[in-house]
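Peer 1: Residue numbers (my numbering), protein chains in the order written: chain U, 565 to 788; chain L, 6 to 235.
These are calculated hints, taken from the structure and not from any lab test.
Hints should not be assumed to be uniformly reliable.
With beta-carbon atoms standing in for the labels, derived distance ranges [to be verified]:
#, chain 1, residue 1, chain 2, residue 2, range
1, U, 628, L, 116, 17 to 27 angstroms
2, L, 131, U, 686, 40 to 50 angstroms
3, L, 137, U, 660, 17 to 27 angstroms
4, L, 191, U, 709, 31 to 41 angstroms
With a straight-line cut-off of 20 angstroms between C-alpha atoms, the simulated SDA-like cross-links for lysine to any residue are [claimed, not checked]:
#, chain 1, residue 1, chain 2, residue 2
5, U, 735, L, 162
6, L, 123, L, 80
7, U, 735, L, 160
8, U, 735, L, 165
9, L, 123, L, 216
Computed from a prediction, not measured in an experiment: that's the story for all the values here.
All C-beta atoms in this analysis are idealised placements derived from N, C-alpha and C, irrespective of residue type, glycine included.
Here is what each chain is made of, one letter per residue.
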Amino acid sequence: MSEARGRIHLAGTRPGLEVSRRNFIKTAAWAGAALAAAGIGGIGWATRYAGAQEGGEPFETYQGLGDAAILQFAYQLELLEGTFYQMGADMGVVSGDALAQIQAIRDHEFAHADALAATLQQLGAEVPATPDFTYPDGVFEDTAAFLDLANTFEPVGIGAYQGAAPALESKEILGAALSIHNSECEHWNGIKILLGIDPPNNVAFEEALPLPQVQEAVAPFGVG
Amino acid sequence: MANQKIEVPGAGVLSRPHSRRDFLKTLAAAGIGAAAGGMMLSRPAGAQLGEIKDDIDIANFALTLEFLEAEFYTQAVDAGVLSGSALGVVTNLRDHEIAHAEAIIDLIEQFGGTPVEKPEFTFPPESLASQQGVLELASVLEPTGQGAYIGAGPLIQDPTVLAAAGSIAGVEGEHVVSVRNLLGFVPPTTEAFPAALTVDEVLAAVAPFLGMGEMMDTGGPVAGGTHRPV
Numbered sequence: 565m566s567e568a569r570g571r572i573h574l575a576g577t578r579p580g581l582e583v584s585r586r587n588f589i590k591t592a593a594w595a596g597a598a599l600a601a602a603g604i605g606g607i608g609w610a611t612r613y614a615g616a617q618e619g620g621e622p623f624e625t626y627q628g629l630g631d632a633a634i635l636q637f638a639y640q641l642e643l644l645e646g647t648f649y650q651m652g653a654d655m656g657v658v659s660g661d662a663l664a665q666i667q668a669i670r671d672h673e674f675a676h677a678d679a680l681a682a683t684l685q686q687l688g689a690e691v692p693a694t695p696d697f698t699y700p701d702g703v704f705e706d707t708a709a710f711l712d713l714a715n716t717f718e719p720v721g722i723g724a725y726q727g728a729a730p731a732l733e734s735k736e737i738l739g740a741a742l743s744i745h746n747s748e749c750e751h752w753n754g755i756k757i758l759l760g761i762d763p764p765n766n767v768a769f770e771e772a773l774p775l776p777q778v779q780e781a782v783a784p785f786g787v788g
Numbered sequence: 006m007a008n009q010k011i012e013v014p015g016a017g018v019l020s021r022p023h024s025r026r027d028f029l030k031t032l033a034a035a036g037i038g039a040a041a042g043g044m045m046l047s048r049p050a051g052a053q054l055g056e057i058k059d060d061i062d063i064a065n066f067a068l069t070l071e072f073l074e075a076e077f078y079t080q081a082v083d084a085g086v087l088s089g090s091a092l093g094v095v096t097n098l099r100d101h102e103i104a105h106a107e108a109i110i111d112l113i114e115q116f117g118g119t120p121v122e123k124p125e126f127t128f129p130p131e132s133l134a135s136q137q138g139v140l141e142l143a144s145v146l147e148p149t150g151q152g153a154y155i156g157a158g159p160l161i162q163d164p165t166v167l168a169a170a171g172s173i174a175g176v177e178g179e180h181v182v183s184v185r186n187l188l189g190f191v192p193p194t195t196e197a198f199p200a201a202l203t204v205d206e207v208l209a210a211v212a213p214f215l216g217m218g219e220m221m222d223t224g225g226p227v228a229g230g231t232h233r234p235v
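Isolated chain U (complex conformation) (with noise of 0.2 angstroms):
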């Protein structure tokens, strides 16, 4: 079987993969952070980690955490990013047909923070409270710098709900995670069309993230 896993593993060979890769490493390189993951809401997300396989499948680095520790992660990632939108559209850092997309990205944040959250709800977990986020200096003033890391942010939020999704329990809530991963692939592809990155499909295959990645580039950011 883990032979065949190799090969079924679609990474590697990407061509567009480049692009978030780097920017998961400026972005650790902004806030000097190494590796911050230091779990979320006392879950044990690392310990758990620990006990996967090395090199294996980045679902099993969500296996065993439970739909609800999926879901407050995603809701914390998801306040993430809709505030930095907020943000950057209140202080105008985009203008023009770049800030109706902006704006339009920020509300489908919110939209999913809001539907995650009324998940919990139901589940009867607790919704996290709202992190107090931190952004580099500077990135409301300057439209490449926010567009830049919109295009970190968006890889992330892609590579987080695809990795977490083969391992939630409930198909329900499997479905509405599927529905915004592709979301934030939309969000990825409206983001590189501003960065004029021509064609902005450059990636064949979306890539997934194991868990403590995904930890390890919001953490900068206050996610943890």
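Could you slot chain L onto chain U? The hints should help.
Peer 2: Showing chain L alone in chain U's frame:
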């Protein structure tokens, strides 16, 4: 579940820019519920898009859609009607769909299944006669693929198959946006919860290109399970 015949929309419906809205089933306020519910597990729809009972069937269903898209974009690039950004976008669409088809074939074979053969496809001549024609048909095909993957995902049993499907599904969502951007939509992204499609809805969208449209036009309602494979 009621036996539903394949409803083939007319050309007008298919070329309507907002046709995917017809398929939109916004998730309830709770965010949950509509996305996974509608997949029909058994469809009398011919050899290519036949009964769906396991992951291999779902993968073959997806493979047929990828074949369809790959063939259209191959013909579109070869038609020589594209230029500028549209040529770059559609060339990547073609390459991605081909890569998806190859990946799905690998996947099916790894799981001991038999990949379906590539069917004969027919496209309306106007869809290959101009850049606008290409983009308009692309704006039908891409949301169909996107919705098919979102709809099929919850039916997939094996997590590695689901992981592979997820990596492809999102790319179809990217395609939707790139195509809409070329068609002048501002903003080109769609909605917060891209819709899941049922098998019936996917079949309705792709039947005309599989030669099933003619059959529908002449025959009226088709008795379940009796019509010939394409």
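Peer 1: Evaluate each hint against the coordinates.
Peer 2: The hints, checked one at a time:
{"no.": "1", "hint": "U:628 x L:116: 17 to 27 angstroms", "result": "holds, 25 angstroms"}
{"no.": "2", "hint": "L:131 x U:686: 40 to 50 angstroms", "result": "holds, 48 angstroms"}
{"no.": "3", "hint": "L:137 x U:660: 17 to 27 angstroms", "result": "holds, 24 angstroms"}
{"no.": "4", "hint": "L:191 x U:709: 31 to 41 angstroms", "result": "violated, 23 angstroms"}
{"no.": "5", "hint": "U:735 x L:162", "result": "holds, 10 angstroms"}
{"no.": "6", "hint": "L:123 x L:80", "result": "holds, 15 angstroms"}
{"no.": "7", "hint": "U:735 x L:160", "result": "holds, 8 angstroms"}
{"no.": "8", "hint": "U:735 x L:165", "result": "holds, 16 angstroms"}
{"no.": "9", "hint": "L:123 x L:216", "result": "holds, 13 angstroms"}
In summary, the one numbered hint that this structure violates is 4.
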